[in-house]
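**Student:** With these hints in hand, go ahead and build the complete structure from the sequences.
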Amino acid sequence: MSTGFDKRLIVAWLALSAITITQLGVGSLQDGLRPNAAITSGAIVIALIKVRIIFREFMEVRHAPVLLCRLTDLWVVVAGVSLLGCYFVGMAFSSGFSLR
Amino acid sequence: MTKVANAQPRPRFVPGQPDMWAFVLFEALVFTGYFIVYIIRRTQSPDLFLQSQAHLDLRVGVFNTLVLLASSWSVARCVQAARERSFRAALTNAFLTMLFGFLFLVSKVLEWATEIEEGFGFTTNEFFSFYYFLTAIHFLHLLIGFVVLAIGIYQLWSPARRSQEMIETCATYWHTIDFLWVLIFALLYVMR
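Residue numbers (my numbering), protein chains in the order written: chain B, 1 to 100; chain C, 101 to 292.
Hints were generated in silico from the structure; no laboratory data involved.
A couple of the hints might just be wrong.
[Unchecked claim] Covered by chain C, per the in silico footprint, the following chain B stretches (three or more residues, Cβ under 8 Å):
id, segment
1, 10 to 24
2, 55 to 68
3, 74 to 85
Quick caveat, the model's predicted, so the values are computed rather than measured.
Just so you know, even glycine gets a beta-carbon here, dropped at the ideal spot from N, CA and C.
**Tutor:** Laid out in structure tokens, this is it:
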């Protein structure tokens, strides 16, 4: 029956909402006008964890064929590597880093 | 149609039509491209982006995210209810999803109006160009989402039209709006 599903949905929704609310804490930090690699990495990683929870629990990917599970996981990894990679490489270049 | 026998272990299944999943993964890749361009441009002018970002209200971003997460939850409940043939509950959850979507729509329009009133338009600087572009293209997906939800409600309304696969397809599209927003929220409101 649905009880097990419903509980999982509620737990997933509460977890996603709680994670989102904790991100309000970033607004109270006093270093607002400085780039912060830790906050950026945290924001991107947390967002991708939330996306994976949405895939698995809300979109029912955990019941889907393995191919769909792997494809969604692959996109999460590719997005994470791309976004974090672009951020760190971009910040390194903008702060005068040279490959030589 | 997807039919489920109670208390039986379910075989693995694709929720909704596979074509919709192809579209979802395509959209995810397209938005990843937008996000990569945004981050590259952001790292070239970090101070400008941070100063501009400070004009956004993080609380509004959090509120919008919570509303869309609630809409995802209700549309997931709609799918479950339809699967159990509790069509009244499914319809209630579909309407609830639409209500959450409408709440997001109003909140987003008010946020845009506030930004424009304060003098931050599309051409103000590069950050706001990205802000309006990303939120507007997401908004367009939301508007399409209302049509998709309406199709789901139309399907649920009459016993002759009910198709579990179609309901799951509509829900899959709606969840896409949600997870894309989760990333947009992180990149526009939270990252530094």
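**Student:** If a hint holds in the structure, say so; if it doesn't, say that too.
**Tutor:** Here is how each hint holds up against the structure:
Taking a C-beta to C-beta cut-off of 8 Å, the segment 10 to 24 of chain B contributes 9 residues in contact with chain C, enough for the three needed, and the coverage statement holds. Chain C is given as covering the segment 55 to 68 of chain B, and this holds because 11 residues of the stretch bring a CB closer than 8 Å to a CB of that chain, at least three being needed. With 5 residues having a Cβ less than 8 Å from any Cβ of chain C, the segment 74 to 85 of chain B passes the three-residue criterion, so the hint holds.
Going through the hint list in order, the structure satisfies each hint without exception.
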